[in-house]
Amino acid sequence: MIDTVLQVVGIALIALGIVVTAITVYGVVRMRGLYPRLQAASKASMLGSVAILAASVGTRDGATIARAVVVALFLLLTTPVAAHAIANAAYLRAREGEGVDAADRSEGPVGAERAAD
Amino acid sequence: MPEVVIVVALACVTAFLAVGALVLLRARDLLERIVALDLITVICVGLLALLSYLREVSYYLDAALALAALSFVATLAAARSDRGGGPFR
Numbered sequence: 467m468i469d470t471v472l473q474v475v476g477i478a479l480i481a482l483g484i485v486v487t488a489i490t491v492y493g494v495v496r497m498r499g500l501y502p503r504l505q506a507a508s509k510a511s512m513l514g515s516v517a518i519l520a521a522s523v524g525t526r527d528g529a530t531i532a533r534a535v536v537v538a539l540f541l542l543l544t545t546p547v548a549a550h551a552i553a554n555a556a557y558l559r560a561r562e563g564e565g566v567d568a569a570d571r572s573e574g575p576v577g578a579e580r581a582a583d
Numbered sequence: 003m004p005e006v007v008i009v010v011a012l013a014c015v016t017a018f019l020a021v022g023a024l025v026l027l028r029a030r031d032l033l034e035r036i037v038a039l040d041l042i043t044v045i046c047v048g049l050l051a052l053l054s055y056l057r058e059v060s061y062y063l064d065a066a067l068a069l070a071a072l073s074f075v076a077t078l079a080a081a082r083s084d085r086g087g088g089p090f091r
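Each protein sequence line maps, in turn, to chains A and B.
Just so you know, we're using our numbering here: the first sequence kicks off at 467 and counts up by one.
Just so you know, we're using our numbering here: the second sequence kicks off at 3 and counts up by one.
Treat the hints as calculated values from the structure; they're not laboratory data.
Bear in mind that the values here come from a model prediction, so they are computed numbers and not experimental data.
Glycine residues also receive a C-beta, built at the ideal position from the N, C-alpha and C atoms.
A hint or two may mislead.
[To be verified] Covered stretches of chain A (in silico footprint by chain B; criterion: 3 or more residues with CB under 8 Å from a CB of chain B, positions within the stretch not fixed):
(1) 492–504
(2) 517–530
[To be verified] Partial pick of chain A residues on the chain B-facing surface, computed with a CB cut under 7 Å:
(3) ILE477
(4) THR487
(5) SER511
(6) ALA534
(7) VAL537
(8) THR544
(9) ALA555
Please construct the entire structure, taking both the sequences and the accompanying hints into account.
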């Protein structure tokens, strides 16, 4: 009984991960410009992979589940930091090229705190 | 889990990986390339997890963890070096 439930949960999580990853890839292909692309890539790709990793409950193997939890936590922690670093680099480059007002007005993160140089 | 599901999922994720490679090749900017590479590594982590479920060995997830850590450090270093600075500003 519990085996069947875990297998169904695992299959559903794999399907969810595939769907979310498909949406991510479609968004990255479809959107133009760095900031929309980063928006699509940073959040949804992480969620797709975390869903696939959470499907490890379907394997009913302790070592696999423990490692999958570690990898999922690592992804949840590091992907926003990496996305912030990329966006920060793009914003600072636009600010150096065009000045603070132009960087804020065009496509910069409005209201974001100024990063220290 | 039944093998059919995992094999189909592997095929889908491999197709996404190919699309990600196309995005990487078509990117015009350095930062867009970094975004595409980040996306490709996160998809690779999912691919390794599916491979681990298929073969029922857990150590593919160690490789996934190492790949995620390397990707994180590489993304940070590339984003910092875009402005001409070192890794520690």
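Checked hints:
With 5 residues having a Cβ less than 8 Å from any Cβ of chain B, the stretch 492–504 of chain A passes the three-residue criterion, so the hint holds. Requiring three or more residues with a Cβ within less than 8 Å of a Cβ of chain B, the coverage given for the stretch 517–530 of chain A holds, as 9 such residues are present. Look at ILE477/A: its Cβ gets to within about 5 Å of chain B, closer than 7 Å, so that hint holds up. Interface hint status for THR487/A: upheld, as the beta-carbon distance to the closest one in chain B is roughly 6 Å, under 7 Å.
Given the 7 Å rule on beta carbons, the hint for SER511/A holds: about 4 Å separates it from the nearest Cβ of chain B. Taking 7 Å as the C-beta contact cut-off toward chain B, the hint placing ALA534/A at the interface holds, the least distance being around 6 Å. Here the hint on VAL537/A is kept, as its CB sits about 5 Å from the closest CB of chain B, short of 7 Å. Because the smallest distance between the Cβ of THR544/A and any Cβ of chain B comes to about 4 Å, under 7 Å, the interface hint for this residue holds.
Taken as an interface hint, ALA555/A checks out: its beta carbon lies about 4 Å from the nearest beta carbon of chain B, inside 7 Å.
In this structure, none of the earlier numbered hints is contradicted; all agree with it.
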